[in-house]
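Chemist: Using the sequences and the accompanying hints, generate a full structural model.
Spelled out from the first residue to the last, the chains are:
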Amino acid sequence: MSLWEYANPVKFMALSGRVLPVLTILSAMLLVSGLIWGFFFTPHDYKQGATVKIIFLHVPAAMMAINAWVMMLVASLIWLIRRHHVSALAAKAAAPIGITMTLIAIATGAIWGKPTWGTYWEWEPRLTAFVILLVFYLGYIALWEAIEDKDTAADLTSILCMVGSVFAVLSRYAVNFWSQGLHQGASLSLDKEQHVDNAFYFPLLVCIGAFVLLFITLVLLRTRTEIRLRRANALANRGRSHG
Amino acid sequence: MSLSVQNISCHRAGRAIFENLSFDLNKGDCLVLRGPNGSGKTTLLKTLAGILPSATGEIHCDPAQISYAGHLDAIKAQLSVRENLAFWAGVYNARDLDRVMSKFDLATLADRYGQTLSAGQRRRLGLARMILTDCQIWLLDEPTNSLDAEHAAVFAKSITKHCADGGIAVLSSHIDLHIPNTQTLDMADFAPSGTIETDPFLQGSFS
Amino acid sequence: MKSLFLRDIKLAFRSGGGFGLTLAFFLIVILFVPLGVGADSAILARIAPGILWIGAILSCLLSLDRIFQLDFEDGTLEALATSPLPLESIAASKAAAHWITTGLPLTLIAPLLAYLLQMPSSGYIWLIASLLIGTPALSFIGTFAAAVTVGVKRGGLLLSLLVLPLYIPTLVFGAQTVIRATVSLDPMPALLLTTGISLFSIALMPFACAMALKVNLK
Amino acid sequence: MVDLGKHTTEVLLAYGISIALIVILVGWSLAQAKKAKARLAQLENTQK
Numbered sequence: 001m002s003l004w005e006y007a008n009p010v011k012f013m014a015l016s017g018r019v020l021p022v023l024t025i026l027s028a029m030l031l032v033s034g035l036i037w038g039f040f041f042t043p044h045d046y047k048q049g050a051t052v053k054i055i056f057l058h059v060p061a062a063m064m065a066i067n068a069w070v071m072m073l074v075a076s077l078i079w080l081i082r083r084h085h086v087s088a089l090a091a092k093a094a095a096p097i098g099i100t101m102t103l104i105a106i107a108t109g110a111i112w113g114k115p116t117w118g119t120y121w122e123w124e125p126r127l128t129a130f131v132i133l134l135v136f137y138l139g140y141i142a143l144w145e146a147i148e149d150k151d152t153a154a155d156l157t158s159i160l161c162m163v164g165s166v167f168a169v170l171s172r173y174a175v176n177f178w179s180q181g182l183h184q185g186a187s188l189s190l191d192k193e194q195h196v197d198n199a200f201y202f203p204l205l206v207c208i209g210a211f212v213l214l215f216i217t218l219v220l221l222r223t224r225t226e227i228r229l230r231r232a233n234a235l236a237n238r239g240r241s242h243g
Numbered sequence: 001m002s003l004s005v006q007n008i009s010c011h012r013a014g015r016a017i018f019e020n021l022s023f024d025l026n027k028g029d030c031l032v033l034r035g036p037n038g039s040g041k042t043t044l045l046k047t048l049a050g051i052l053p054s055a056t057g058e059i060h061c062d063p064a065q066i067s068y069a070g071h072l073d074a075i076k077a078q079l080s081v082r083e084n085l086a087f088w089a090g091v092y093n094a095r096d097l098d099r100v101m102s103k104f105d106l107a108t109l110a111d112r113y114g115q116t117l118s119a120g121q122r123r124r125l126g127l128a129r130m131i132l133t134d135c136q137i138w139l140l141d142e143p144t145n146s147l148d149a150e151h152a153a154v155f156a157k158s159i160t161k162h163c164a165d166g167g168i169a170v171l172s173s174h175i176d177l178h179i180p181n182t183q184t185l186d187m188a189d190f191a192p193s194g195t196i197e198t199d200p201f202l203q204g205s206f207s
Numbered sequence: 001m002k003s004l005f006l007r008d009i010k011l012a013f014r015s016g017g018g019f020g021l022t023l024a025f026f027l028i029v030i031l032f033v034p035l036g037v038g039a040d041s042a043i044l045a046r047i048a049p050g051i052l053w054i055g056a057i058l059s060c061l062l063s064l065d066r067i068f069q070l071d072f073e074d075g076t077l078e079a080l081a082t083s084p085l086p087l088e089s090i091a092a093s094k095a096a097a098h099w100i101t102t103g104l105p106l107t108l109i110a111p112l113l114a115y116l117l118q119m120p121s122s123g124y125i126w127l128i129a130s131l132l133i134g135t136p137a138l139s140f141i142g143t144f145a146a147a148v149t150v151g152v153k154r155g156g157l158l159l160s161l162l163v164l165p166l167y168i169p170t171l172v173f174g175a176q177t178v179i180r181a182t183v184s185l186d187p188m189p190a191l192l193l194t195t196g197i198s199l200f201s202i203a204l205m206p207f208a209c210a211m212a213l214k215v216n217l218k
Numbered sequence: 001m002v003d004l005g006k007h008t009t010e011v012l013l014a015y016g017i018s019i020a021l022i023v024i025l026v027g028w029s030l031a032q033a034k035k036a037k038a039r040l041a042q043l044e045n046t047q048k
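First to last, the protein sequences are chains A, P, H and S.
Residues in the first sequence are numbered consecutively from 1, following UniProt numbering.
Residues in the second sequence are numbered consecutively from 1, following UniProt numbering.
Residues in the third sequence are numbered consecutively from 1, following UniProt numbering.
Residues in the fourth sequence are numbered consecutively from 1, following UniProt numbering.
Think of the hints as simulated: they come from the structure by calculation, not from any bench.
Here a beta-carbon is modelled for each residue, glycine too, at the ideal position from N, C-alpha and C.
Hints may be right or wrong, so weigh each one.
What the hints assert, rightly or not - Only pairs whose alpha carbons sit at most 30 Å apart, straight line, appear in this in silico BS3-like list of lysine-lysine:
id, chain 1, residue 1, chain 2, residue 2
1, H, K214, H, K10
2, S, K35, H, K153
3, A, K114, S, K6
4, P, K157, P, K103
5, P, K27, H, K218
6, P, K103, P, K27
7, H, K2, P, K103
8, H, K214, H, K2
9, H, K153, H, K218
10, H, K10, H, K218
11, A, K47, S, K6
12, P, K103, H, K10
13, A, K11, S, K34
14, P, K157, P, K27
15, A, K11, S, K6
16, P, K161, P, K103
17, A, K11, S, K35
To be verified - Not the full set, but computed from the structure, chain S residues with beta-carbon under 7 Å of chain A:
id, residue
18, G5
19, H7
20, T9
21, V11
22, L12
23, A14
24, I17
25, S18
26, V23
27, L25
28, Q32
29, A33
30, A36
31, L43
32, Q47
To be verified - Taking CB as the label site, the calculated pair distances span:
id, chain 1, residue 1, chain 2, residue 2, range
33, P, T108, H, R14, 16 to 24 Å
34, P, A164, H, R154, 43 to 51 Å
35, A, P21, H, K214, 36 to 44 Å
36, P, E197, H, R14, 46 to 54 Å
37, H, Y115, A, G209, 55 to 63 Å
38, H, M1, S, G16, 54 to 62 Å
39, H, R154, S, I24, 46 to 54 Å
Modeler: As structure tokens, this is what we get:
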């Protein structure tokens with residue numbers, strides 16, 4: 001019973017049907033407890049004051065925004081190489097979640113920087129990189145919607161995801177290069193690794209775990225929806241051709 | 001030089017088009033595909049041409065010898081007949097451009113632009129292109145539609161000559177072209193039996 | 001491959017008005033800047049490098065969907081796919097033909113438009129160099145996007161949405177080359193990076209293009 | 001309520017926006033799931 005067994009829609013639906021409720025409860029509990037722990041039970045940072053509490057949202061969301069794209073890339077490669085429909089649909093299902101995580105990362109990053117920059121928006125390399133990632137996501141989703149035949153769509157979006165990943169990485173370094181030309185680096189660059197002492201470290205871990213579980217749960221949920229829609233369309237076409 | 005096909009089957013958008021279709025063609029054979037529209041004639045020709053992958057089975061032939069002419073006849077409207085043929089001569093690096101043009105009496109149309117050609121003239125240009133490729137295996141999709149009887153006869157003659165010279169031709173057509181010793185293949189014989197479900201999303205049941 | 005390249009250039013001149021359309025669009029985009037931003041030459045001089053590069057990218061974008069669309073619709077692409085020419089070299093020669101008819105003319109006219117925007121004189125050499133080196137990347141990446149969207153009816157808008165994010169590295173490095181030249185910083189690193197992106201695109205995009213074409217020809 | 005000092009608005013805004021986005025995403029996904037399940041069920045019946 002190799003892992004590839006679960007790429008068959010019927011087996012995947014059976015497995016995900018059993019796993020989904022457990023995951024939902026687990027991720028909800030973890031998310032609530034992580035945020036409450038971070039929000040209520042952590043001290044202020046001597047320099048940033050209470051805004052440090054935003055890391056409990058910004059860091060996990062930023063990580064998931066990037067990891068969602070990596071997951072889509074892996075799923076696309078699996079589709080291209082082994083032609084498993086479920087992995088193509090999982091990639092399609094992950095895109096909206098990736099976009100939401102990117103939006104959260106941008107919003108929390110901008111708000112976090114406000115006290116230092118004086119404005120909510122600062123063309124700081126890391127935030128700009130997330131806006132670029134957002135545009136890559138939009139292109140990916142637009143391509144899925146634009147093509148009727150879903151197998152062709154899966155192929156083309158997989159190729160776009162591969163090429164897009166290379167250029168997303170190139171854009172990340174281009175933005176760093178570009179911001180050097182701007183001024184000698186923003187005062188509060190989110191890039192520098194934050195020194196996070198223990199009081200914040202553990203709640204942050206819980207929040208990161210919560211976001212990962214939330215991502216997995218939503219991907220399973222949305223993939224099941226995509227599979228059902230594919231089956232419904234197939235039945236509708238079959239019905240039309242027999243009717 | 002032969003074209004042998006062993007039980008290939010083809011799926012498009014999750015539906016089986018034809019199943020375990022086999023035939024063998026040798027030098028001088030001509031195969032006419034019969035069957036209503038949508039029965040997979042174009043799909044089969046594209047599979048033979050290598051544009052479409054077949055779900056099962058194998059196709060044994062020398063791909064370099066395959067020359068495919070689809071419904072659309074690949075003629076650029078803004079180029080003259082000579083320029084169109086010169087382009088294809090360049091792609092297949094064939095040199096006997098003038099001989100082929102005179103063979104299909106296209107010399108008089110040499111400077112006419114693609115968009116001004118009639119259906120018959122376009123078909124003749126398409127055939128001239130096939131000759132230019134000097135590939136042995138011709139795959140022709142509905143070559144005779146929008147052609148009157150007289151042009152269809154001209155067309156049939158050139159196919160007969162191609163096969164007589166040791167070439168192979170596979171074409172789909174609704175009208176009878178009276179090409180001597182042609183085999184016919186009715187797509188209905190290979191219609192999907194519907195027993196096995198090809199669309200993975202329709203196999204089994206889930207709520 | 002050469003015959004496809006020459007044919008595309010001939011077709012560009014015969015039907016698309018050659019590079020006249022692209023240059024006219026580039027001129028209009030540059031003309032709009034002072035009309036929109038105001039005629040303050042200090043501002044214009046400062047933003048000139050970026051505007052020229054953005055104008056060049058948008059002008060390149062204009063003619064991308066014509067690369068495969070016409071051949072797809074009249075069956076030429078299908079016939080080419082079964083010809084001895086591999087899809088990769090078809091993509092490469094199409095991209096090269098696109099560069100000759102759009103990228104190159106843009107590069108040649110750019111200094112004239114830079115003068116209109118009163119760009120500092122130290123930037124002219126670097127403008128030409130960065131455009132000359134950067135526009136091939138625009139053509140090769142653009143050809144990939146054209147191949148992906150060739151099957152989509154009215155895919156022009158979708159093509160822009162797909163290709164512009166892929167142009168970001170070329171835009172940033174190319175524009176930075178000229179900006180740093182005008183503020184007397186060393187523009188060479190930026191130019192080398194632009195070259196890197198272009199070489200990468202020229203080397204790899206035809207393969208991605210061939211994959212996309214194979215899918216769209218099914 | 002915990003004292004957030006002078007950055008109260010920023011922290012609350014960040015948490016508010018993030019939680020809102022997550023709720024929208026989850027809600028939208030659930031709605032789509034329900035709609036897909038209903039459509040499939042309806043089609044499965046007519047096919048039988």
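Chemist: Can the hint on S/L43 be confirmed by a CB-to-CB distance to chain A that is less than 7 Å?
Modeler: For S/L43, the interface hint holds, since the closest Cβ of chain A sits about 4 Å away, which is under 7 Å.
Chemist: Holds or violated: H/K214 and H/K2, Cα atoms, limit 30 Å.
Modeler: 21 Å, holds
Chemist: Between the alpha carbons of P/K161 and P/K103, is the straight-line distance 30 Å or under?
Modeler: 12 Å, holds
Chemist: Given S/A33 as an interface hint, is the shortest Cβ-Cβ distance to chain A below 7 Å?
Modeler: 5 Å, holds
Chemist: Has the given pair, A/K11 with S/K6, been kept, meaning a C-alpha gap of at most 30 Å?
Modeler: This hinted pair is violated, its Cα atoms lying about 54 Å apart.
Chemist: Does the nearest C-beta of chain A fall within a distance shorter than 7 Å of the C-beta of S/S18?
Modeler: 5 Å, holds
Chemist: Are H/M1 and S/G16 spaced within 54 to 62 Å by their CB atoms?
Modeler: 59 Å, holds
Chemist: Holds or violated: is there a CB of chain A closer than 7 Å to the CB of S/V11?
Modeler: 5 Å, holds
Chemist: Quick one, are S/K35 and H/K153 close enough, alpha carbons at most 30 Å?
Modeler: Within the cut-off at roughly 29 Å; holds.
Chemist: With chain A as the partner, please determine if S/L12 meets the hint condition of a C-beta pair closer than 7 Å.
Modeler: 10 Å, violated
Chemist: Let me know if the C-beta of S/G5 comes in closer than 7 Å to any C-beta of chain A, holds or violated.
Modeler: Since the shortest Cβ distance to chain A is 5 Å, the answer is holds.
Chemist: Could you grab the alpha-carbon distance between A/K11 and S/K34 and see if it respects the 30 Å cut-off?
Modeler: 20 Å, holds
Checked against the numbered hints listed earlier, the structure breaks hints 15, 20, 22, 26, 39; every other hint is satisfied.
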